[in-house]
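Asker: Sequence:
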Amino acid sequence: MAQIGRHAAGNRQVSSSNPDLETAFGIKLTEVRVPKHTVRDDPVRRECHYEMEGDALYAVKWYKDGNEFYRYVPRDNPPIQVFDLKGINVDVQNSSNEQVVLDPVELESSGKYRCEVSAEAPSFQTVSEHAEMTVVVLPDEDPHITGGKPRYQIGDYVRVNCTSGRSKPAVHLTWYINSEPADHGLVRQYEPIVSGSDRLETSILGLEFRVKPKHFKRGDMKLKCLATISTVYWKSNEESVEGDKPQKAPMLESRKAVASNTRADRVQGEPGFLRNDDEHGRGRGREELSC
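Under my numbering, the first residue of the sequence shown carries the number 2, and numbering increases by one thereafter.
The hints are simulated quantities; they were obtained by calculation from the structure and are not laboratory data.
Don't take each hint at face value.
[To be verified] Below, in silico cross-link-like pairs of lysine-lysine (DSSO-like), each with a Cα-Cα straight-line distance of 30 angstroms or less:
no.: 1; residue 1: Lys-223; residue 2: Lys-213
no.: 2; residue 1: Lys-223; residue 2: Lys-150
no.: 3; residue 1: Lys-236; residue 2: Lys-169
no.: 4; residue 1: Lys-37; residue 2: Lys-169
no.: 5; residue 1: Lys-150; residue 2: Lys-29
no.: 6; residue 1: Lys-150; residue 2: Lys-215
no.: 7; residue 1: Lys-236; residue 2: Lys-213
no.: 8; residue 1: Lys-87; residue 2: Lys-169
no.: 9; residue 1: Lys-236; residue 2: Lys-218
no.: 10; residue 1: Lys-236; residue 2: Lys-37
no.: 11; residue 1: Lys-169; residue 2: Lys-223
no.: 12; residue 1: Lys-113; residue 2: Lys-29
no.: 13; residue 1: Lys-223; residue 2: Lys-236
no.: 14; residue 1: Lys-236; residue 2: Lys-215
no.: 15; residue 1: Lys-113; residue 2: Lys-236
no.: 16; residue 1: Lys-213; residue 2: Lys-150
no.: 17; residue 1: Lys-113; residue 2: Lys-37
no.: 18; residue 1: Lys-218; residue 2: Lys-150
no.: 19; residue 1: Lys-87; residue 2: Lys-37
no.: 20; residue 1: Lys-169; residue 2: Lys-113
[As the list claims (entries may be wrong)] Simulated DEER-style distance windows between Cβ atoms:
no.: 21; residue 1: Tyr-177; residue 2: Pro-79; range: 14 to 24 angstroms
no.: 22; residue 1: Asp-92; residue 2: Tyr-177; range: 34 to 44 angstroms
no.: 23; residue 1: Asp-42; residue 2: Arg-211; range: 24 to 34 angstroms
no.: 24; residue 1: Glu-192; residue 2: Ala-57; range: 54 to 64 angstroms
no.: 25; residue 1: Asp-221; residue 2: Asp-66; range: 27 to 37 angstroms
no.: 26; residue 1: Thr-31; residue 2: Val-93; range: 16 to 26 angstroms
no.: 27; residue 1: Asp-92; residue 2: Lys-218; range: 37 to 47 angstroms
Keep in mind the model is a prediction, meaning the values are calculated, not measured.
Yeah, the Cβ is synthetic: ideal placement off N, Cα and C, and Gly gets one too.
Can you make the complete structure from the sequences, with help from the hints?
Answerer: As structure tokens, this is what we get:
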């Protein structure tokens, strides 16, 4: 069986393009292109490219999960025939022998798609290849963070959750602390919540850790939650929290009191010269006293 490769151009696609697809009887299936992921309600094109190598084309057929839904026979009039299948909405006007357009796609459109190309007599040769496609329902809202406080002190516990919007499949969530992925031991995994008739899923990921000095960068700590679905969805939410800073005024008053007491002691015990300290503890000079 031909190998499946990935092509990253726009939507990532799964395609078959391999010398193994060439048959001994002449028909060569050069490439089958099916988007690996596509968004619900969008149009999507599936491509099936081949070379007959001298044989006459009899038919090109498309199957989903083993059920035929599209047939192209060049000698028929009209050449295109469509078969009813749940989740399959063929745009006949934009479809041909080498491509099938579905518009729109639904959740039921997810599955394994196979293109089959067959030749006329005398060879009657048939070749085929398949690729998987998953239809994605994008989240109805961006991820949001709950449970956080505006300020934390060293030793406090951070307990926050990141919650995604409803989607299909479930959103993959990742926590970051100051732009670095959170250690696995700090993350709390929860089962997705399934709701609604369409069975959409809500993802929740917790983060718990004790605040340490390393968590504060220039007095701030940044917590970010990233939500992704393959290459079709990428959103994040970030919160910046402050570390409690010590109050400076009481400390200055205390230093002034100490300086004052020291001065008085020295005046009583050492008549003559005394160092005059400022608030930061640095000497400014000498002051002459007379008894």
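Asker: Hint by hint, note whether the structure agrees.
Answerer: Right, here's what the structure says about each hint:
1. Lys-223 x Lys-213: holds (13 angstroms)
2. Lys-223 x Lys-150: holds (12 angstroms)
3. Lys-236 x Lys-169: holds (15 angstroms)
4. Lys-37 x Lys-169: holds (14 angstroms)
5. Lys-150 x Lys-29: Violated, at roughly 63 angstroms.
6. Lys-150 x Lys-215: Status holds; Cα separation ~18 angstroms.
7. Lys-236 x Lys-213: Roughly 28 angstroms separates the two Cα atoms, so the pair holds.
8. Lys-87 x Lys-169: It holds: about 18 angstroms lies between the C-alpha atoms, which stays within 30 angstroms.
9. Lys-236 x Lys-218: holds (24 angstroms)
10. Lys-236 x Lys-37: Given that 30 angstroms is the threshold and the Cα spacing comes to 20 angstroms, the pair holds.
11. Lys-169 x Lys-223: holds (29 angstroms)
12. Lys-113 x Lys-29: holds (21 angstroms)
13. Lys-223 x Lys-236: Within the cut-off at roughly 16 angstroms; holds.
14. Lys-236 x Lys-215: Measuring from Cα to Cα gives roughly 27 angstroms; hence the hint holds.
15. Lys-113 x Lys-236: holds (29 angstroms)
16. Lys-213 x Lys-150: Measuring from Cα to Cα gives roughly 16 angstroms; hence the hint holds.
17. Lys-113 x Lys-37: holds (10 angstroms)
18. Lys-218 x Lys-150: holds (17 angstroms)
19. Lys-87 x Lys-37: Roughly 19 angstroms between the alpha carbons, so the hint for Lys-87 and Lys-37 holds.
20. Lys-169 x Lys-113: holds (18 angstroms)
21. Tyr-177 x Pro-79: 14 to 24 angstroms: With a Cβ separation near 56 angstroms, Tyr-177 and Pro-79 fall outside 14 to 24 angstroms, so the hint is violated.
22. Asp-92 x Tyr-177: 34 to 44 angstroms: Given range 34 to 44 angstroms: holds, Cβ gap about 42 angstroms.
23. Asp-42 x Arg-211: 24 to 34 angstroms: violated (46 angstroms)
24. Glu-192 x Ala-57: 54 to 64 angstroms: At roughly 56 angstroms between Cβ atoms, Ala-57 and Glu-192 fall inside 54 to 64 angstroms, so the hint holds.
25. Asp-221 x Asp-66: 27 to 37 angstroms: violated (52 angstroms)
26. Thr-31 x Val-93: 16 to 26 angstroms: holds (24 angstroms)
27. Asp-92 x Lys-218: 37 to 47 angstroms: violated (53 angstroms)
The structure shown violates the earlier hints numbered 5, 21, 23, 25, 27.
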